[in-house]
Amino acid sequence: MFNPARARLLQEKLAEQVVFRDDFPPVSLVAGLDVSYFRTSGAFCGVAVVAVLRYPSLTLVEYAYHVEEAPVPYIPGLLAYREAPILLKAYAKLSHDPDLLLVDGHGATHPRGLGIASHIGVVLDKPSIGVAKKLLTGTVEEHQGVKYVVVNGVRAGIVIEEPGRKKLYVSTGHRVSPRTAYLLVTRMRKPRAGLPEPIRVADSLSRELARKLRGSRCPEPG
DNA sequence: GCGACAG
DNA sequence: ATCTTGTCGC
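Take the first sequence: its position 67, counting from 1, is numbered 67 in our numbering, and each next residue is one higher.
Note that these hints are calculated values from the structure, not bench results. Among the hints, a few may not be true.
Here are the in silico distance ranges between beta carbons for each label pair [what the hints assert, rightly or not]:
hint: 1; residue 1: 21; residue 2: 187; range: 16 to 22 angstroms
hint: 2; residue 1: 3; residue 2: 162; range: 40 to 46 angstroms
hint: 3; residue 1: 12; residue 2: 219; range: 29 to 35 angstroms
Glycine included, every Cβ here is placed at the ideal spot set by N, Cα and C.
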């Protein structure tokens with residue numbers, strides 16, 4: 001059974017493994033990860049999608065998905081326990097090996113420094129970046145023109161603000177500095193898009209799949 | 001105790 | 001996240 005207190009302790013332990021410095025090879029394949037849901041008899045059915053795009057052309061190379069009942073309810077700060085299990089199963093179905101992961105949600109800008117982007121990055125030991133639409137915790141502090149998201153005295157993320165576009169909170173997931181996360185996500189946002197292309201594609205595909213699967217039965221974990 | 005709270 | 005039609009705007 002799910003124990004929130006136990007889950008938080010594990011996050012504190014895994015957070016020690018998060019690397020804030022850039023430590024990754026040249027990027028040629030980037031993956032976007034996202035989960036959509038559809039209602040069933042008694043629970044929520046999650047549809048996880050991992051879309052792999054070539055970089056910097058941002059053209060789709062392949063995508064994999066996995067459908068399964070959400071194992072636990074959504075609890076702020078514990079999102080990874082609800083979505084990571086399904087995302088990892090979809091990830092295992094890929095035939096390509098991405099160099100970088102862009103995850104929908106926060107990375108180190110988290111109460112215990114281990115948002116879903118960091119959680120997945122550490123588990124797979126893959127460079128990762130968190131991309132969120134809302135602030136979860138921390139304060140925004142501007143220094144020399146850069147708006148950092150500071151959590152527990154640490155600059156864990158940066159706010160991307162551009163006139164006429166939705167604000168984004170990018171953060172270190174694993175092995176990528178906040179500054180580099182900012183630069184990469186900025187380069188992966190198409191002219192008028194709100195989300196960087198890899199996540200936009202994963203979001204679009206997961207929603208489409210959820211819509212089509214609505215009404216059908218949901219596979220249980222295990 | 002009160003308010004906040006990714007997706 | 002999802003529940004939901006039309007509607008304003010580029």
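Verification of the supplied hints:
1. 21 <-> 187: 16 to 22 angstroms: holds, 20 angstroms
2. 3 <-> 162: 40 to 46 angstroms: holds, 42 angstroms
3. 12 <-> 219: 29 to 35 angstroms: holds, 32 angstroms
Hint check: no violations occur; every hint is consistent with the structure.
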